[in-house]
Structure formats: C-alpha cells, structure tokens
Amino acid sequence: MYADVKKNTHSTQGWVGRSLERHEDAALLMGQGRYVDDFPIAPNTLHAAVVRASHAHALITAIDTTRALAVPGVRHVITGEQIRAISDPFLTVLKQPIDQWALAVERVRYVGEAVAVVLADDRYIAEDGAALVDILYEPLPVVVDPVAAVRSDAPLLHPAAGSNQLSVREFVYGEPDAAFARAERTISVDIEYPRSSYTPMECFAVVAEYRPGDKSFDVLANFQGPFSAHPVMAKALRVPGSRLRLRIPPDSGGSFGIKLSVFPYIVLMGLAARISGRPVKWIEDRLEHLQAANSGPNRITRLDAAVEPDGRVTALRFDNLEDYGAYLRAPMPGPLYRMHGATTGAYDIRHLAMVNRVVVTNKMPAALVRGFGGPQLYLALERLMQRIAVELGLDPLEVIRRNLISADAFPYRTPAGALYDSGDYQKAIEIATGDGRLTDLLRRRDEARAAGKLYGIGYAAVVEPGMSNMGYLSTILPEEIRQQQGPKNGAVSMVRVNVDAVGGVSMTADVTVQGQGHATALSQIVADQLGLHPRDISVNLEIDTQKDAWSIAAGSYSCRFSPGTAVAAHLAGKQVRDKVARIAAGLFKTTEDDVGFGGGRVFSIAQPAKSMPFGRAAGTAHWSPVLVPDTDQPGISETGIWAPQELAPPTGGDEINTSLTYGFVFDMCGIEIDPLTMQVKVDRYVSMHDAGKLINPLLAEGQIRGAFVQGLATALYEEIVYDDKTGALQTGTFAEYLVPTACEVPQIEIIHMETPSPFTPLGAKGLAEGNCMSTPVCIANAVADALSLRDVRLPITPNRLNAVLATNEGPAPTLTSNVVDAAAMEKEFAEATIAGSGTLTVATEAGNIWDTLLNPQTLKNIIPGCHTVTALRPDHFQAEVSLGVGPVRGRFIADVYLSDLVPQRQAKLSGELRGPLGKAEGKGRIILSLTPDGTRIDYAYGVDVGGKVASVGGRMIRRAADMIIGQFFERLVALSGDGDATPTKKTRSGLMAWLVGLFGGQK
Amino acid sequence: MKPAAFTYMRPDNVDEALQILTEYGSEARVLAGGQSLMAMLNLRLVEPGVLLDISRLPALRHIRLDNGFIEVGAAVTQAELLAWPDLEREAPFIAQALPWVGHFQTRNRGTVCGSISHADPSSELPLSLALLQGEAVLRSSKGERRLAARDYQTGMLQTARREDELLVAVRFPVGLGRAGASFQEVSRRHGDFAIVSAGVIRHAGRIRIGIGGVADRPSCIELDENVSAANLTERIEQLAWELGGYDDIHASARFRRDLVRRLAPKLVSEVLSCA
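Taken in sequence, the protein lines are chains L and P.
Going by full-length UniProt numbering, 101 is the number at position 101 of the first sequence; the sequence numbering is gapless.
Going by full-length UniProt numbering, 170 is the number at position 170 of the second sequence; the sequence numbering is gapless.
Same shape as in the complex, but just chain L:
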C-alpha cells in the first residue's frame, strides 16, 4: 500500500514507513510522564488562584482585597492596575485600539476573564482568598450574537475601535461576477459553525520565576507554540526575548491547539513572580479551562455557487462573519485566513469572491483549535455540494466528482494562490468507494428505509493543509500596509542531532510534545540516515528557548511536523551521516561515496572487509580531531534547517500559498436516527486519506482516529453555550460540555493511499487535522439526507432533531382563567432566561399583603434563608440571605429596588443577588386585586443567572428557582393571610421572583 521510497531520499534501512510502536509509551503507561505539575518547585514558591469575572460585560468600579489579604497564608492579591503599570498590552495583527493585558483593566468583556490573582502558600488557601476578593461591577449591555454585534446599535466591547467589526476584507479572484451572470443557476447555503473547543486532559500549567539580577523571567509552561507568540510575551513583559527563558517540559497531556493560549498566563504569572519576589505556580483547573482557556471561533457563512445544470460549479462567493469572542489574541484571526489559498477545496473552481469579517462579542476569546479554520470552511463548502445535488436532482457523489481537480493538474495553483503539491482525488474516491463499500452503504440505506427507518448517507471531500506559511495572516492587511511592514512568509524548521564520543546519538527538535509520538517518528528518520536502530536514538523534545534552536514557526500545530520538522531531522541526520562518511573515508582510505551505513556499522561498500562500529567512526570526531578532514569541525553536532521556497509572501493580488503540503481526505458514512431518542447513530464510516508518504502508519492512524472523535464531537456533542442575553456561560463543567467517551465513538474504517509530495524530501504531508474538517460535515450531510433537511445546525442534538421531527404537541390542558392575565404579564419578562408567572388567592385584605411585602421586618421572614433586611431607602432594600437547594447553600447579598408602586395595587421589583456561588438579576411585577375570596395576587418575573451556578448548575437552576419562589409565596401567605392560599397555576413567583430566582439561581 505504501509507495516506493522517493528518489531523493537517502533512506537506507527503511525505518521510515514502518508502524513502529511508540518509544514514549513505556514511561507514560507506567505513570512516569513528566508534566509541569510533576516538576519539583522551589520551597518558597507561591500558588496562584485566579479571580474571574462573573459578568459578561461590566466596568470594574472597585476591587477590595482586604478580606482576602486577611486570610492566613494569603500573601498577595494582584489586580489589573498593577499589571498595567509594569507590562504592555499584547501585540495583535490588527492595529486597532483593542488592548488586552494579562488581567482585565477597567472593564471585563467575558465571563471568566481574569480580574485578579491571589498568591498564597498553597492552592487551597489561594482559593479561599479568591472567594473573598470583593469586586464591584457596573454592568454594561451584553452582545453574544455575532450578527447582533455588527449592528450599529450594538454595545461596543472596545469603544475606541468604534465598532465590534474589527476587520472587513474583500477578495476577488478570477471573474466571479461574470461567472454568476453566466451561470444557469445560483445555489446557496447559510451555515452557522458552532463554538466549540477540544479539551486536553491536562489543563494549562505555569511555574514562573523572576530573576532581578538580570531582570529576566524563567518560566516552565506547557506552551505548544507557535513560538511567534514568544516575542508577544516578551514585549508584554517589557524584556528582550533573550530575557524570557521559556522551558517546555517533556510531556504534555494533549493540546489540540489550545495550549497556545497559555501564553497570557505565562505573562501573568511572570508578572506575579516579579511583584511578589517569589516563584509562582499556577495549575489551571477544569472550571477555569472551560470558561476561559479558548475555543474555536464560531462562523456564519453565506455561500453562493454559480452552477451549471450538470452540477459543475463555476464560481463561489463567500460572506464570512467570524466571531472571535472578547479579544483578538495573536495569531488571531488565523482561522479566517489559514485556509485562504485552499478556499475552493478539492474543486477546480476558477472564480472566487470572498468577504471576511472579524467581529468581537462577549465570549471567551477564540484561538487555536485543531482544524483551525478548516472545519468552518468545509461545513459550508461540502454542505453546498450536497445542496447542489439535491436541488439539481443529482447524486451528491457525482457532483463532487464532476468538480474535482483532475489528477494531471498537479502541482495545481488555486485561484486564491495555494499551490497544491500532489494528489489524485479521483483515484482516492475510487478506492474508498470500491471493494463493495459504497454498494454496501447504499444497500444499508435502502433496507433501512424500506423498514421505515431514518437513514442517510453523507460524503465529504476535503483538502488538508500541512505546515502553514507564516505569512498567511498578513493577507488580512491590504497590500500597501504589507509593503510598509516588510514581508512575512515561510516557515523554518530546526532539528539538532548530536553524536557523543562513543557514538551515542541524541537529538532535539522544534516541536512541543502533546502525545503525537514525534520522538518515535524522528528516531526512525535519523536511524535511516545513520544505519542505526531507532531505539539507539535518544530524542529529547523539551524546549529551552535560551539553549535550543528555534524560530517563530516552532511548536506543534497546523500539521507542520511531517512537512517541516521531519524534513529538518532528515537533513540533520544527513549532515551527520556525510560528516561521519568523510571521517570514515579517511580511515578506510576510500572516498566519501564509498562509505555505507548499516546494522550499527560503517563500512566501505567496495571493500566490505573495511568496517567499524558507527560509534568508533563517529567518536573519532571527539577523540582524535586531527583525523577529521580539514573541511569539517571537530565534534558532531549538526543542525538541520528547512525553509521551503514555496512559502512565498502574499502577492499584490492577495494570492497566498497558505501551506506547503495539501493532503486529501474523502469520507463517507451512513447514519440512522432513533425515532424514540432522536439520537444519531453512525452505522458505517469510511475515511480515505492521502497524506503522501507516511512516516509511521501507526502514528498516522492514531492521529486520524483522534481527529475523527473530535469531528464527531463537533457534529453531535460539543458546544460552548452562552446565554444570549446575559452572556452567562452555560457549559461550565463536563456535565454540560459533552465530550464523547469511548461509549459514543463508533469504529471507523481507515484507508490510505500515498501520493508523495514533490516539495518535501520525505514526500510526507500533514494529516492530523483532516477528520476535524471532514467528519462534522460528512455527518451533517448524512443527517440532511436522512431527513431531507436544508439546514442542519451543529451539534446535531436529540433536542434539535426532536424540534424538527416531532409533530404538533397539541394544547396544554387549560387552566382557570384569570381576571388579570398573569401569563400576559409574563411577556414583560420574556427575554429573561427564566421567566414565569402565577396567580394565587389569599383570604386577607390587600393592605395586609402590601404591608408585609414592604416592611423589612416581615420581608425578612418571607425571604427564604434571610438573615437581615435593611431599608437603605424606602425603595431600596438590602438583604443578606443563605439560599440553596439541598446541601448546596451559599450566602448572598441581595439588593432590591421597588418601582411603579401603586399602594395596595401593584409593585415592580428589580434587583440583584451576588455571592461566591454566583449572581442573579431579576425583575418582577406583582398585581393585587380584590375578589370575593380575599386578595388575588398575580405575578410575573424574569430571572437571569450568572457566575458559577449558571455555568455548573444548568440542569438544576430552573427547578431550584421554582422551589425557592414557591417557598417565598408559602411564607407570604402564611404571614399575611389566614392560610389557605389557592394557587391557580403551577408556576409561582413574583416580585420576589427576582430575589428568588437569584436565590434559585445560586444553586
């Protein structure tokens, strides 16, 4: 199945291409991984806990650290103003006034934003202190929806920027307008790509130290790269890059792009160490991670295609609106530009128009996530292909085939400038659908449908880029500005191979470990050069920016290993080999060309009797420098550097070759929907890959399976959800943010073909992100096929499918009609997350109820868990309450404001509740009327809950609110009436609703 070794490789042993088991696994399986948290720390190290914003958008009016500092063991509390005084804002690609420091300054812009840092003797104490940092906020209007954010009346996140839309760029390639005018039809899709993340098992980890002697920072962190973020950190810390020593440990518990975003915390903890004069350690916990680490951007795409009757697409027009959350962090907005050259995907479409818009909203900032712009692009493009088939009455696979780039067109220059290196997409699809696989899938669908089941088939064809051109992001800048700033392009890879005095080979490389098995692959590459066994090569992938060779492209991201670092390893290995060959040629009295390597020995090819162990030949460079040829230096330590010429800067016409290699993925699947549970079950899934030459097929399979699971997660499970009105995060734990487990993951069938890249000496391409791009849309297409849907919103949840599929429910059983329509009152509060209304009758006079409600003393007895009520003004009460459900209880401060007061007739209440468990804001209206049976109370309310309970307690909040509101009215009735209230509606609550909700809220 694997292609012949390419002509221009120097492989002699054939380790490259073998499914070698991972060297890394022995230590990991024995619990001997060395992660940041495993490293010993200095005895005086302080532990940090970060205080985070409970508001999505608010001005910080005051921070009181008194109570926190009073906790024994709390040493420092650091706030944004201190950080601003000694650091610079992070650099971003857009020159817009959107400054961000390592802590919030003046305002917070998303729930979870870091506002203060507590440093203490241990993490427990630090968290005790964090709960006692009192922050006063002045809430600002919130915008969560990216479409709303670009409207002229939207609240501005960064007022100095004048708009939430920070960048708009239009691109035209070919003659799209003419193509659309000529086309038989225009077919369009409207796509929303959801906000999600891929959560590594190990969260962020930083140990930072400040050395006043040379004013330098020394930081150990599980940063993943790209190291283009290193200058950003150094600039923020106000030191030259050489004074920020960043060390990456040998192991990291996954990353998937996310661990780029540890960089603001590297700066934050560095500054904390500087302020405190002691080393600072911070281990991010899961609550912090899910609210503030990072996510992929959500994107809204309108995609139009100019289509011929046979399904051929002649032009595409994209309108992309991408939501980056509250801040643009370097290298954002990467996902909008990383795929730029490859926007036309696997298709030979020569006319292209594009509008790219970047918007900020009150959500956690977006950053790197595996797939990085690919999933967003292909959800639109491949849904479009399926829609073209449906609208033209064609087979979707046939529409894909008719538009593919032909095999003889490679290397193929796309209209937007990508230079696709190699491929044979037709053959890949032929292999994937062959051996009866497609026939079987079609038969399964026919049989299932004949049995009345909901079954669909989906396809997706995806071009997968490998190793990004560091200049792609400058495409966002107009050509004039690019000219002013100087060119940015290319991607440098560096690997060092050392041979010691007895022939021991060790190597370092510019990748960060995340679990891929890079050490194994690198050892295979170098072993081939030196005629050794891979286990003879020690690979150390720790990085120390003061001691190792690195460039801005270093790190593990964007599939740069196989097209990049692997090549540098190949070159470094070859340099060592050539040097040892020259030494041996002298010893053997032969020529360099005659020296062979194999079986751990160096020998003369012409006179095999002349032979010696590799170690002896190589060791000569140490033991006897005089025997080293004059052209060489003594010792053996070679750095392989790889900087491919194909990665040119953007042209004046905005054409950009965004990546070096372009692999191909073709997926097809059959899914069935359970009509009872509305769950989507993957029945069969085939994934076809052409990633050029595979360095290690076992590692490749691991990457493909992992990417598939994450693609499946995006299709069916994972979504970061914010309350649209308040910006409260609703997916704060793994009970709300649903990562599929082994139980949810189907078996898949993986097929490879190898069309080597002509642009890399090993012929290898990147392959670790393909299924993140192909799988979401492949499943979406299958669901669309099963249900004949035009729009498929990801993730495809049972709840969403039920809303589509379930027939009309019929009317709810009718309830007693009201004098005042409480349900109509409820409309006043309909925008709140929790809205309700109710009616009850109390056998007493309205005056009694009125007095009970407005008297702090009686109010105290009505509000569940109330300790004190103080009337600050006649229309402003403050209460201290303990609220909760079951064992979950917390103390809160509640402020209640009364308005619209018509004595004994009606009142409007509004207010807020805040405490360590969370916060809530509520409004309610209560109307009293006389009836023959006493006083009738009609009430309606709306409650919005934020903070911890909103993000971790979503499942319980609604019911908790009902319960606490219910208690409130029971007590009101008991205190003001003669008992015997008659609720006429199941939902309860009123003015107190607000309180209540709040209360309820906190659970």
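What you were told as hints is all true, and nothing was included just to trick you.
DSSO-like mimics (lysine-lysine), calculated; alpha carbons at most 30 Å apart, straight line:
1. P:266 to L:453
2. L:427 to L:681
3. P:266 to L:681
4. L:235 to L:215
5. L:235 to L:488
6. L:235 to L:95
Keep in mind that the hints were calculated from the coordinates and are not lab data.
A quick note: this is a predicted structure, and the numbers were derived from the prediction, not measured.
Since chain L is already given, all that's left is putting chain P on it; use the hints.
Below, chain P alone, put in the same frame as chain L:
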C-alpha cells in the same frame, strides 16, 4: 477546584456516627462513595464543617432479605448490589436499572444509599425506590424510623432526613417486577444524567409507571394491566403535562414530555409481553 477546609471524621461504629450527627447537625455532611459529594466539595457548592465518612462501617455493609424486603446498608456500593447473586430473582427491576447508573468505575465507589440520599431527580436509584415503593431507614441517637419512598424524597436534592439522622439502609420489596419489569433512560451520552428515565413494573394485575428527570422528584402512576390502549395514551399524556418538564441546555420541556410519551408506552408493552 479545591474544597474549603473541613474536619474529616471517620468513626468506628454507627453509634459514634450518630453522635457526630447529633453534635454537628447541618454542619456535617455524610460521605459514603463521594461520587456526587466530592465534585460538589471541589466546586465549593457545598462547604460543610465536618465530613463524616461512613464508607467503612462494617455494620452498614449488608445486603440481606428481611421480612419481604431486600435491605441494602448505607456502605454498600452500587457495584456490590449489582454483583449480588440474588438480584435478578429478588429485584429484577433494579437489576435492569442499576447498570444505567454512571459508569463501571463510578459504581465501584458510589453507594446505593448515597444516590438515594442525594435525591437527584434524574437518578435511577431514587426512581427505583419510588417505583417499587420501598422504604428509607433513618436512624438517630434517639431511635429509628422508616419512611415510605414518597415521604422520603421531598424535592430536588431534598429529603425528609433530619439533621441528626443517618440513612442507614434502604429497603426494596422482594420480587416486585417478576411478572415484568423494564427500564430505559435517554441521556446525551452513556452514563450522563438522564434527560428522562422511565421504569415500568407489572405486579398483581397492575402496572406501575415511574418517570424521572422531568419533575423535581420521581413520579409514579398505577394502572390496571388491562387498561385500554386509548386510556393508556390518555393517562400518559396527562402525566406528561402534569410533570411539565423544564428547559435546560440539553433538552426542552417539550422534548422531555415527548420522551415521556414515547418511553412509557414502549416500556408498558415490553412489560406486558413478558408474561
């Protein structure tokens, strides 16, 4: 995610445990398997002064038949009950429901009584106790009382346990469901909290339907086993509206009612076809 400070106490016998509860009352939280409590502690959703660990008390480790009941002590894990050789015969419904509780790993720690005492409206064991009309055995220094399931769980995460009481055991009537028992739940992933869970048993000419996950506690209705299809549909429709449901990020109230409408008849027909 570090808990606030607390005092950890692990008494040697039940009497000592009860004394601690008498002394500390609502300040104390009982720790058995910790599968819910530890997470709540780490989230600082609960901050008890005293954590009373009863997981190793030998007197609470029993599963025994007693007077027509299966009595399960408070330290018995879900895995131990699942492995009890007589479970299928004596409690066929629980044998069906228990594998849905969490995961293999969490069942190794989580206890039967702990789950019932936590009173999560979506949990399988509180539904089992309600459906089988079992009993909760509460003991304090002053004595012991038994509460019927419907009197024990009073709401979401709330029970009738007094501050000084310990749930020392739960009791399930022996053999209920031998004539037919069925359980199913719908959740987003295996082991997640149920969006809706449903159980049905057939006993003495009656069928009993229990629904979890929709209201603040499990709810049950009972029908004659010869109920007509139309009447069954009507009763289930009525039940769906009575329970109402609620919206959260995983499911709307509407979806919950629809699941009641689909799950209940399916399980009823399964149970009736068992005979």
